[in-house]
Amino acid sequence: MFLRSSRPYSEKRQANKGSSKRKSRGENMIGVGKIKQYSNVLDKPLSKGKQEVSLSAFAFLFSELVQYNQTQVDNIAELERRLEDAGYAVGARVLELLCHRDKGNRRETRLLGILSFVHSTVWKVLFGKVADSLEKGTEHEDEYMISEKELLVNRFISIPKDMGTFNCGAFVAGIVRGVLDSAGFPAVVTAHFVPVEGQQRPRTTILIKFAEEVLTSFSLIVTLFL
Amino acid sequence: MCMSHQDSIALKLSLIDSEKKRFPMAAIYSLYIINKSGGLIFYKDYGSAGRMDTNDSLRVASLWHSMHVISQQLSPTTGCSGIELLEADTFDLHCFQSLTGTKFFVVCEPGTQHMESLLKDIYELYTDYVLKNPFYEMEMPIRCELFDINLSQAVQKDRVAMLGR
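These protein sequences, in sequence, are chains B and V. The first sequence begins at 1 in the UniProt record's numbering and counts up one residue at a time. The second sequence begins at 1 in the UniProt record's numbering and counts up one residue at a time.
Since the hints were derived computationally from the structure, they do not count as laboratory data. Misleading hints may appear alongside valid ones.
[What the hints assert, rightly or not] Here are a few chain V residues that face chain B, going by a calculated C-beta distance under 7 Å: (1) 40; (2) 43; (3) 128; (4) 134; (5) 144; (6) 145.
Think of the CB as a built atom: it goes at the ideal place given N, C-alpha and C, for glycine as much as any other residue.
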């Protein structure tokens with residue numbers, strides 16, 4: 001789902017017109033013969049999916065998700081955990097879909113490979129752009145950070161002062177954890193606000209801390225083969 | 001005694017004049033947002049003129065809400081949507097009511113142009129940064145950092161545009 005801002009009124013209207021035209025043309029094409037061509041549904045190539053989703057619709061849905069979870073918990077840590085769990089399910093499914101669609105049913109087995117897969121492919125499919133940066137933590141070997149100047153889920157959200165360091169990016173952290181976990185790289189993933197000099201708004205950093213066995217098995221493989 | 005009192009008034013008037021010279025761009029005096037039952041949910045003033053304390057701004061909000069409703073019912077035309085512009089000697093008041101009954105109004109310098117488009121912009125910011133914020137409770141006072149940031153940008157942009165005209 002590629003999310004696009006729908007801010008300017010006139011643009012939005014034109015865009016809508018354009019897409020409805022395209023859609024009707026597409027339906028015509030299907031009617032002409034594509035259905036007949038593939039007798040077996042499994043032979044059909046997997047569709048690219050609809051590329052765009054209304055940003056407003058997503059923002060309202062996400063807002064409701066947060067509000068619902070807020071009624072189910074009594075503290076902020078619990079809310080963060082629930083958002084992360086909601087994201088985890090998305091991540092597990094996204095990995096499955098993208099491995100099939102983009103990689104011909106193969107999946108990354110190297111640590112850096114899966115990280116750049118999350119940083120570029122997953123981000124592009126979910127948010128329409130590559131993440132701003134992917135860095136290795138300076139203090140610990142097993143920590144990596146994905147940073148976004150403005151995370152899409154946080155675009156319209158202002159955290160009230162009394163909620164402290166709570167970040168709705170927990171949902172995205174959950175997605176990342178879902179992808180990594182399903183790919184065999186168990187990790188603890190958290191979202192944090194990091195203030196940027198000269199900027200009014202802090203950026204969001206997704207901190208990935210891999211489980212111990214990921215790095216040991218990785219180095220084991222390296223020593224075995226070299 | 002009487003003379004000195006008048007003197008002080010004259011002094012005050014001249015002070016106001018000099019302040020006006022110092023802030024020549026304060027075209028918008030203040031902005032109000034009131035919910036559908038007439039409660040003030042957002043108030044911000046710009047520049048020096050027409051500044052009000054909390055009680056006065058609440059009073060203005062509920063007064064305007066009632067006047068708006070009365071004007072709708074007294075209007076000879078059917079389907080009247082209420083007062084859009086109030087022109088006074090010292091200020092203009094532009095009002096915009098959304099479909100859900102939330103009213104946005106600005107108090108500005110007499111004869112300021114293009115306030116309708118500014119109000120529409122503010123309405124758009126309200127729908128984006130207030131209504132899509134999961135931590136905002138409907139009909140309650142607006143405390144959203146992103147709304148404040150984008151609002152001051154919009155007002156600033158409007159001022160720059162006005163300088164260009």
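Verification of the supplied hints:
At about 19 Å, the closest approach between the beta carbon of residue 40/V and any beta carbon in chain B exceeds 7 Å, and the interface hint on this residue is violated. A distance limit of 7 Å between C-beta atoms decides the matter here; for residue 43/V the minimum to chain B is near 18 Å, and the interface restraint is violated. The restraint placing residue 128/V at the interface with chain B holds, with a minimum CB-CB distance near 6 Å, inside the 7 Å limit. Checking residue 134/V against chain B: minimum C-beta separation of about 4 Å stays under 7 Å; hint holds.
Hint status for residue 144/V relative to chain B: holds, with the closest Cβ pair at about 4 Å, below 7 Å. The closest approach between the C-beta of residue 145/V and any C-beta of chain B is roughly 4 Å, which is under the 7 Å cut-off, so the hint is satisfied.
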